[in-house]
Structure formats: C-alpha cells, structure tokens
Amino acid sequence: MNTKKEFKSPVGGAIVDPAKQSMMLAALYIAQEQNGYLTKEAVQQVAKRLGMTPGDVYSTASFYSLFRMKPVGRYVIQVCEGISCYLNDGAERVADYVSEKLGIKLGETTRDGMFTLETVQCLASCGTAPAMRVNDQLYENLSPAIIDDILERLMGEV
Amino acid sequence: MPNLIIDDLPIEVPAGTKVIEAAEQLGIIIPRFCYHKALGSVGACRMCAVKFLQGPFKGVQMSCLIDAQDGMVVSTTDEEAVAFRKFIIELLMLNHPHDCPVCDEGGQCLLQDMTVAGGHSLRRYLGRKRTYRDQNLGVFIAHEMNRCIHCYRCSRFYQEFAGYRDLGPTQIANRVYFGRFEDGQLESPFSGNLVDLCPTGVYTDKPARFQGRRWDFERLPSLCIHCSLGCNTIANARYRAVVRVEARFNDAVNGFFICDRGRFGFPYTNQPERPRQARIDGNESSLEDAVAGAGRKLADIAHRAGPNAIACLGSRRSSLETQGLLNHLCQLMQWAEPDYFLDPLLKKKVKSAISQLDSRVAVSLRQVETADFILAVGVDPLGEAPMLALAMRQAQRKEATVAVIDPRPVPLPFSFEHLAVPTWEMNGCLKLLMEEAMRKEDEKSAARDRMAAEEGWLRNNPASAEIRRQIAQLAALFQASRNPVLICGTDIVPEATPAVVGAWARSLLEEKGKCGLFYVLPDANAFGAGLLGAANDHAFLETVGAIERGEVRALIAVESDPFERFPDRSRLEQALAKLELLLVLDYVPSPMVQQAHIFLPTSTLFETGSTFINQEGRIQIAQPVYHGGTPLSQMNGGGHPPRVYAGGLPGGEPKPAWQLLIDLAGALSLAIETGAVENPLSLVASAHPLLAGLKNTSSLLDGVRCLPDVADAEPVPADMDPAVGPGTENELQLLFVDSIFGAEELSQYADVIRQVEGEPCLYMHTQDAERLGLVEGDRVLLTLDAGAIEARVCPSQSMAPGTLVLPRRRKLEWQKAKSFSTRVTPDRIEKLK
Chain A
4 MNTKKEFKSP VGGAIVDPAK QSMMLAALYI AQEQNGYLTK EAVQQVAKRL GMTPGDVYST
64 ASFYSLFRMK PVGRYVIQVC EGISCYLNDG AERVADYVSE KLGIKLGETT RDGMFTLETV
124 QCLASCGTAP AMRVNDQLYE NLSPAIIDDI LERLMGEV
Chain B
90 MPNLIIDDLP IEVPAGTKVI EAAEQLGIII PRFCYHKALG SVGACRMCAV KFLQGPFKGV
150 QMSCLIDAQD GMVVSTTDEE AVAFRKFIIE LLMLNHPHDC PVCDEGGQCL LQDMTVAGGH
210 SLRRYLGRKR TYRDQNLGVF IAHEMNRCIH CYRCSRFYQE FAGYRDLGPT QIANRVYFGR
270 FEDGQLESPF SGNLVDLCPT GVYTDKPARF QGRRWDFERL PSLCIHCSLG CNTIANARYR
330 AVVRVEARFN DAVNGFFICD RGRFGFPYTN QPERPRQARI DGNESSLEDA VAGAGRKLAD
390 IAHRAGPNAI ACLGSRRSSL ETQGLLNHLC QLMQWAEPDY FLDPLLKKKV KSAISQLDSR
450 VAVSLRQVET ADFILAVGVD PLGEAPMLAL AMRQAQRKEA TVAVIDPRPV PLPFSFEHLA
510 VPTWEMNGCL KLLMEEAMRK EDEKSAARDR MAAEEGWLRN NPASAEIRRQ IAQLAALFQA
570 SRNPVLICGT DIVPEATPAV VGAWARSLLE EKGKCGLFYV LPDANAFGAG LLGAANDHAF
630 LETVGAIERG EVRALIAVES DPFERFPDRS RLEQALAKLE LLLVLDYVPS PMVQQAHIFL
690 PTSTLFETGS TFINQEGRIQ IAQPVYHGGT PLSQMNGGGH PPRVYAGGLP GGEPKPAWQL
750 LIDLAGALSL AIETGAVENP LSLVASAHPL LAGLKNTSSL LDGVRCLPDV ADAEPVPADM
810 DPAVGPGTEN ELQLLFVDSI FGAEELSQYA DVIRQVEGEP CLYMHTQDAE RLGLVEGDRV
870 LLTLDAGAIE ARVCPSQSMA PGTLVLPRRR KLEWQKAKSF STRVTPDRIE KLK
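First to last, the sequence lines map onto chains A and B. Under my numbering, read the first sequence as residues 4 to 161, first letter to last. Under my numbering, read the second sequence as residues 90 to 922, first letter to last.
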C-alpha cells in the first residue's frame, strides 16, 4: 500500500515525496541567487520546504559544481577556457590579465568581496572568442582594453 | 539453475546468484570492498575482478555484477585478473594514508589485508594525497574520512538498508565525502554497524578506540541481553574489561547487524561502581562468610516462621542456569516459587504468548524479512526490540505491507499503516481486521455497512472513520498475502491480545498454509522466566503485600532490581525495610544492592558464559569471554599491572549466580544433585517438558528452538475487553513505555547511552495538546499519585488521542505513579513557565 502519510520520528528518518524531490534543483538555483552561494540556512530552508533532510539537499547541491557552498564575490568572473577561446588569443592570457589586475588567483575572491575569479569550460561563444561571463552577463571578443573597461565600470557601480 | 565452473570446480546455483556469491559457496572468497551480502552489488571498488574464460562473458569482469550463468568458466587466479586486482589496490592506496599504526582499524582492516595480500609495498605515485575534514558524528562513531576508499557501504547501509537519511554521500568524483550535513550525533540507532561494515578505518568504535588491536583481545561469541531478540555478538575483552562488542552473523536471528543499544550497552560489566565484594550489613566480607551467614539467617527464619516466610525474586535478565537453579532451590526448600514478574498482568501476557508458539507458526527475526504482510500489534519495535524495526524494513523494501496497531507514536524508518487506537480498543480493532480479512468477497459490503452502524467498538475516537477505512484497505491486502507475519508485543497490550493474535495466526496457517507468529517479550530471558515461572498468577506485587503484612520476612533477589519497573518506589522501599533479611545477588550497583542486608556479587554473561532463550524460543549460548576481575584500568591508577604474582584475581570474587545458589543450598545443608555443578542446565531440563533436551548436553543445543510441534495454546479469554476502559470524557491514559536508549536496565549504566538518551518527553496527540493549551517544547509538571515529574511536551499527530506516552527513563522518577496503569485528569498537567 502506498501511504502518503508523512513520516516523522524522534529518531530521524524521512520518507521522501518524489514530486517534491524533483523540485530540488530549481529550488537550489533560486536559493543560490539570493546570496550568490548556498548558505547553510538556505539548504535547511530548501530541505524544510521539500520535506527532506538537509543532508539530502546538501548531498545533491554539493554534487553539482555550479552550486557554490562557499561565499563568493559580488561579481563572479568566469573566464572561458574552452578550445576556441584557448586558441583565439589564449584564454590563459585573459585569465592571467584579470588575475593580475585584481590581485587574486583562480578560485579566489578579492579582499573587498567584489570579485571572484574562476574558469569555466565553454560559454558557447566560440564565434566571438575569447569570452568571459560576469554573473549573468556575457562579454565577447575580449582584449585587455575591453577587460579594463568592464572591470572599471563594475568597480564604479558600487 | 545455472551450472558453472569456478577455478576448475563445478557448482550449480540458483538463478540470479552473482558469481562472487557462487564462488563463496565453493569456499573461494574473492576479494571485495564494496560488495556485501546484505547490501548487494554496486561495482564501486572493482576489487572483485575475475577472468571469464568461457561463456557469455569474456575477459576480466566484476564478479559481483555478473549473474552466474550456464557454461561459464571462471578463473579467480588468472594472471590478468590478479594483476588487475593488484592495480586496484595501488589505485585505492594513492589517497589512503600510510599510517596503519595510528589507525584504530589496523589489524582488522580489509584494505590493510588486501594491500598486504596483493603485494603492494612500494609507493610509485609521488603526488599529494587527497584530504578531508572529519566530522563529529556523536558519541558512538569516530570519523576519519581521509581513509575512505569510496565503497559506498556506509551510505548503502545507512540510507537504503536502515532507512535513515542524515548520513550520506556528498560532492562528486574524487571528492566524494561521506558524512552529515553538519556535525552531530547520528540519528540512526543502528549506526554502530558502520564500524563493522567499513572496509577501512573511516568509521571506528569511539568508546573502544585505541583500547587494543584485534589480536590483543580475548574474543568469543556472546549474546546481546538488552532486549528479548537475542542478537548474536562477539565480545572483545582486554585487561579484564570488555572493550568492544561486534555483531556476529546468525542467519536465523540478527543477520549481519545489531543495534546501538546492544553494541554500546555493555559497560555495566566494567563499571568502577560494580559491586565486586560480598557484604554483610554494609561491611565487606568474604563470599564464603556471606553465603554461610545468609544460610544461617534463612534457616533461622524458616525455622521460626515457616518456609513461606521466604520469597524469591528471580530475573528475566538472568541466564537459564540461574533461573533453573533458583527454581530448584525453592522446590527443595519448599519455599514459594520465585517471581519473575512484578506485574501479574505482564506475567499472564508473557505466559500466554509463550503458550501460543509452536514450530509451525513461530518465525525467526530473519524470516520476518521475507513476509509480504506484517501486522504488528502493541509493539514499538525501535523501543522494545530495535532490530525488529530493521527486519520489518527489509520486508517493506520488498513491497510488504506493514500495519501497526498501537497507541504510541511508533517511529519506524519506513512508511507503514498506523492504526493509532488506545489500548482498550486494540482488541476491537484487531478483531475487526481479522473478521474483515477472513470474510469471503460477497459478504464484504454487507459487513462494512454493519461495521459503519456499529459505533460501540471505537468509543470517543474521532479518528474512527479513518481507522475503519484503513482496516477495510488492509483487510483486502491481508487476504491477498501469501506469507503474513503477525507480531505482537506484551508490554502495553490488553491481557487477551497475545492469545487473540496467536489464535489468528494458527487459523491463518490452516487457511493459507503459511503464517508467521512473532512475539516481543520483556527482557532477554523472558521466555525462560515464562516457562519456569509458577503456573499461577502470583507476581512480585503480591509478595510486596505479603511483606507488608509481615508474612514474608526474607527476600532473595537474584539479579533483579524491582526498583527499575515497580511503579511505587516509596512503597517498595518501605516494604523492603520491613524485611528481616534481604539477600541480593547481582552484578550492577542497583538500589537493591544498597538496601541488601547480605549481598553476594555475581558475574556477568561475559565472565560466566550462559544460556538464554530468546523470544522465539531459541536456545542460545554465550561463551565466557574473559575471567572477570577488576579492570586493570581501575587499578594502580591505570598503570602497569603489578609485577608480583598474588593469589587470586583482584576483584574476581563474583561467581555465577547459579553457582552461588548451589553454595547457598550447601549452607542450608541441602544436597544439590551431583552433575548440576558441571551442567546446571540438567536441573532446568526437568523443570519443563520443552527443556528436556538440555538434560545431557547443552553445547549441541545452541540455536535450537524449544518449541512444541503443536502449541497447547492458552485459550482466548472469553472477555476480550481489557479491564482498563476508556474512562470518563476528560481522562487521559498514561502509558509507561520502553525507549531505545535510557529505559533499558543494563544499558543505562553505560555513559555513552546516557549521553544519547535525550530529554524525557511526554508524547500526546496534537488535539489533546491543543485542548490543554500546550505546544511542542513546552515543559510540564505532571502530578502523579506520589509526586510530580517534569517533562517536555511532544505533540504528535500519529498517536491515539486520549493517551499520554511516557518512556520509563531512570531520570524521570516515573515510579511516582504508584500503579502499573494510570489515568490522569487534565488538571494534573501543569504548564511550566
């Protein structure tokens, strides 16, 4: 018999509702948008709303590298290191340039909490390589001057 | 039935058997890390590679993933397969620390064994090792993730097998991490099995950490006596202390696993407070003097006041030997037969339950796993017999329907149908389900109409409509089932229930050809106590009355602490104070020991080795694991043992209780049959026809069930309705119940168990809580007849309205209740600010 009754116990254990379980990735994505990463509270909140344990949610969230479990800067710069960007003037050079300019290494966040620098595999912008993404905004045909422009504008926005 | 050849040996196995399993049947153990019989295959470790020479598969393949098929020719020793396994070891060792000497698993580590066996002794890879941060998983389990080889045994056991979800895999690929969302005590009461399952040292037994290597231990088969299931264990002792208890495989009882109460509840045998010295009137004395003194006093009292002035209180946690000797002593001395029960009602229920069992219907714990319909009546498996919950879950995983008739908020790690009715309606509920399930199809609708019209059976119960719907649904499933198992508790059920369930099981057996019957009894040797206990309804409650009236002047309490379960503490204290002689034999520092005039220290099952009968009627034998004596850690400030030889074992005075009873008989100038000293069970054999097999030798009887072919069952009482009715509109029935941690007598002497038992909770139905103006987390003062106790309110939707449930925690002083069954009016519950 399939019983829908929610199961709660003082010693733990939970029966998971598949319909709710299927909403998890979307829920995590929304939760991540709040702070740029998944806070402990966000994971707990998602778990609560979906009738699952925080462990279940964390298990899924930590599986996907696009869910971040640690704080990031206000702007996350993702430099493409796909094959086209690599060949087309070198993705490494773009990453190195940004890295030098901001004074952070790959995976790090500037001390003022403004920028996080990381590389990603492909931004599907091969025709306009090299490319990078800052939060949800895509920047193409990058050159040092364009990068300077972008960064200065972002710094100025604060 | 596929025929195949493994290492030149032919074997025929049932279809669906994996090659690794088929090889095991031939005695060929293929190396493995992730494969486990109870958990199945995942193919995570690649360690069980063998070479398929002929048949549908060719080349090196994983033997845990491939079903044995006709025509297969398999080699486990083929060069290519051996080389493959060798590389796997090297691969797994890339990230594994090279520090076996400081790892608690060293010496009993599968990875260590395989590394040595595979000949991997030189590290070729010079890169850095992957490291993790460990978590604090609570008091039972230590966590060292760096040692992980990602076999997934832990999460498969924890989540799939046991049904708890707070520990599991996180992250991805080379970073996979097995842990919790955040640090904290593991929620599963079966977490200790991670220690046995983990092939390396990720999970180790925290209380036993660094207490010794496996080869240091005195290590022998033992039994768990923390509930009636009698799970098989292996006890490890070192330096005169039991250090660790592990699960021992038994295909008829517990399978591979045990619960945490059984694994971590043993420290009562080591505790510094354990009374090891005989005492007369509070002064230490030699054991001989104390026995002689007790003999003199007993003879004197019997001389002055007759044999009836001496009463005996046996124990359901005592071995069969002790129970048998106590019975025999009473017979010889013409004393009244010993009481094993405090409450006459409980005695009736246990005796009735035992009488229902026979070899046709009685099923083992493992057979519960194969049921396709389980009906549990008046039993809270996690609280009363934890491993039963795990067995029921295995059945449920195979699509069995599980229904529980119980007023408590029964927590089980799987979905089940809960008929939460008060105790006085359990029989009615059972009867309805029974009638409905036995009825032919065409009669059904008419019967349902009649049922709807019958308002009488579920009184004051707003959930009754819902329960009727559940019953109709369950009855249909029950009818379709081919292998139902009926489980019945003996603690909170009305008197008639065990007999009703037993009678139904037998009639189902006739109808379906198959039906299991499984009782949960109070304490490890309740079965023995039920067989040996007097046939009448006499229980210790009456003895207390007799003491108060001055009729009984001497009490012999053998490994029994009535303070644990007697509902009126002050009355018991006063009664005991009136005794001329209170002779106590025990191995725990119970309040009885404090009050005793003469105290004789007894040895624990780890020291004696003893025989117990579990709730299924299975005779099981625990071996003596070590010689006893004060643990070395408690002598010389834990330093080196003294370098001189001294006579005797320090702290080794305790003797088996049955031995002391023989000595006592000697002091009373009685001759106990010769032969009893060598084989005390020979006396038990004559006490009950079912135990006749114990006459000659007990060693052959390990695991044999002492059950009749056809039960001479006690009939169902004509009046099925329990004495406790619904009471008046407002009254609430207060149930004192067991809980996994903190309410069981022996395990609560363990520090770690006390740490996890949690705060005492008063469970009540949400609507009762609303009526009383209480919400979750409120603290209340519950006024009982002899004083008030404080507890936290836990409202629950999934329990019977009109019922309050209170676990018998030692720190609760629930013994202020004064009687075994209690009802309280709402004004007795006062909310604390």
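I should point out that these hints are in silico values taken from the structure, not numbers from a laboratory. Virtual Cβ for every residue (Gly too), placed ideally from N, Cα, C. Check the hints yourself; a few may be wrong.
Stated by the list, open to error - Here's a subset of chain B near chain A, in silico, CB distances under 8 Å, partners left out:
hint : residue
1    : R254
2    : D255
3    : L256
4    : P258
5    : Q260
6    : I261
7    : N263
8    : F270
9    : G273
10   : R368
Cross-check of the supplied hints:
With a least beta-carbon distance of about 5 Å to chain A, the hint placing R254/B at the interface is held under the 8 Å criterion. Nearest Cβ of chain A to the Cβ of D255/B: about 5 Å, under the 8 Å cut. The hint holds. With its C-beta approaching chain A no nearer than about 7 Å, L256/B sits inside the 8 Å limit, and its interface hint holds. For the restraint placing P258/B at the interface with chain A, the shortest Cβ-Cβ distance is roughly 6 Å, inside the 8 Å limit, so the hint holds.
With its C-beta approaching chain A no nearer than about 5 Å, Q260/B sits inside the 8 Å limit, and its interface hint holds. Below 8 Å, beta-carbon pairs count as interface contacts, and I261/B has one with chain A at about 5 Å; its hint therefore holds. For N263/B, the suggested interface contact is broken, since its CB lies about 13 Å from the closest CB of chain A, more than 8 Å. Checking F270/B against chain A by beta carbon gives a least distance of about 4 Å; that is within 8 Å, so the hint holds.
The beta carbon of G273/B comes no nearer than 10 Å to any beta carbon in chain A, farther than 8 Å, and the hint placing it at the interface is violated. Among the interface hints, the one on R368/B is violated; its C-beta lies about 40 Å from the nearest C-beta in chain A, farther than the 8 Å criterion.
Comparing the model with each earlier hint shows violations of hints 7, 9 and 10; every other hint is respected.
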